[in-house]
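Asks: Residue numbers (the numbering used here): 173 to 400.
Derived by calculation from the structure, the hints in this document are not laboratory data.
Here a beta-carbon is modelled for each residue, glycine too, at the ideal position from N, C-alpha and C.
Honestly, I wouldn't trust all of these hints.
[Stated by the list, open to error] Label-pair restraints from in silico Cβ distances:
1. 362 / 195: 41 to 49 Å
2. 387 / 329: 33 to 41 Å
3. 393 / 255: 17 to 25 Å
4. 258 / 386: 31 to 39 Å
5. 400 / 192: 38 to 46 Å
6. 223 / 187: 18 to 26 Å
7. 266 / 358: 20 to 28 Å
[What the hints assert, rightly or not] Calculated pairs, DSS-like style, for lysine-lysine (alpha carbon to alpha carbon, straight line, at most 25 Å):
8. 307 / 318
9. 276 / 192
10. 222 / 264
11. 196 / 264
12. 276 / 255
13. 278 / 307
14. 192 / 214
15. 214 / 249
16. 397 / 276
17. 276 / 222
18. 318 / 196
19. 264 / 278
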Amino acid sequence: MTYFIKEIPNEERPRERLVKHGPKSLQTHELIAILLETGTKKESVLDLSKRLLYEINKNSNMQTVTYHELIKIDGIKMAKASKIIAAIELGKRLNNSNDEKPAKIKTAFDIYLLLVDEVVNLQQETFYVVYLNTKGDVITYENIFKGTLNSLLIHPREIFKRAYQLSSNAIIMVHNHPSGNSEPSDQDLRVTREIIDAGDLLKIDVVDHIIIGSDEFYSIRNKRKTII
Numbered sequence: 173m174t175y176f177i178k179e180i181p182n183e184e185r186p187r188e189r190l191v192k193h194g195p196k197s198l199q200t201h202e203l204i205a206i207l208l209e210t211g212t213k214k215e216s217v218l219d220l221s222k223r224l225l226y227e228i229n230k231n232s233n234m235q236t237v238t239y240h241e242l243i244k245i246d247g248i249k250m251a252k253a254s255k256i257i258a259a260i261e262l263g264k265r266l267n268n269s270n271d272e273k274p275a276k277i278k279t280a281f282d283i284y285l286l287l288v289d290e291v292v293n294l295q296q297e298t299f300y301v302v303y304l305n306t307k308g309d310v311i312t313y314e315n316i317f318k319g320t321l322n323s324l325l326i327h328p329r330e331i332f333k334r335a336y337q338l339s340s341n342a343i344i345m346v347h348n349h350p351s352g353n354s355e356p357s358d359q360d361l362r363v364t365r366e367i368i369d370a371g372d373l374l375k376i377d378v379v380d381h382i383i384i385g386s387d388e389f390y391s392i393r394n395k396r397k398t399i400i
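Go ahead and model the full structure; you've got the sequences and the hints to work with.
Replies: Here it is, written out as C-alpha cells:
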C-alpha cells in the first residue's frame, strides 16, 4: 500500500524526523525525499525516492550520476534533478575542503586507491582525469566521459582546457573495465597515444593511464598488471 506524506503521522515524516533526531536517523531514500519535496499523482515522494535510488544504482551511483541521466527517470523533471545534482556537488565540495592536504601521487597504486571506490561497481566504462600540480599533489579529479572509450568521443581539447584552468601541468587518465579484466584494448592504447601526443604539444605531461578491473589494475605507462 502506498502512503502519501500527508497520510503519515507528523513525527514519522522524514523532515520532522531529521529536525528531531538528526540526519543520521534517516535512510538515503528519505534524505532524497526531503530534496524532492513532492511525489507524483500516482506515487508518493517516498516511493518516488526509492525508485529513483534504484534507477541510479542500476546504471551509475550517487557520486557520478548526471543531470541528463536523472531527467530520463519518470517523475523527475528539471527542478527535482537540479536539486539532487546541487546537493551531490555541495557534498563533494565540502568533502574536498575538509581534506588536510592534497593526495600525493607517487605510484600507480596511489591512483588506484584514489579512484577505485568511484568506478569499481559501475556497469559501463567511465573515464576520469586526475589533475596534478607541480609537486605531484592532486588538484582535483573529474569524470570526463561515460561509455566505450573512443578517440572520436574523448576530446583532448576539453581535457587540456581544464588543465589550463586549474594551472595543472600534469594529468593522469583513469577508466574502468566493467568486465573485470584490466588489460588494455587496442582502442585504449590508441586513445592514450593521442592524448599523450596532444599533451606533448601543449607542454602538459600525461603521467599514466590506469585501467581498473576487479581486484586489479593496469598501468599503461609501466605495461604491467597489478593484482590486489
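Asks: Taking the numbered hints from earlier one at a time, note which ones the structure violates and give those numbers from smallest to largest.
Replies: 3, 7, 8, 9, 12, 14, 17 and 18
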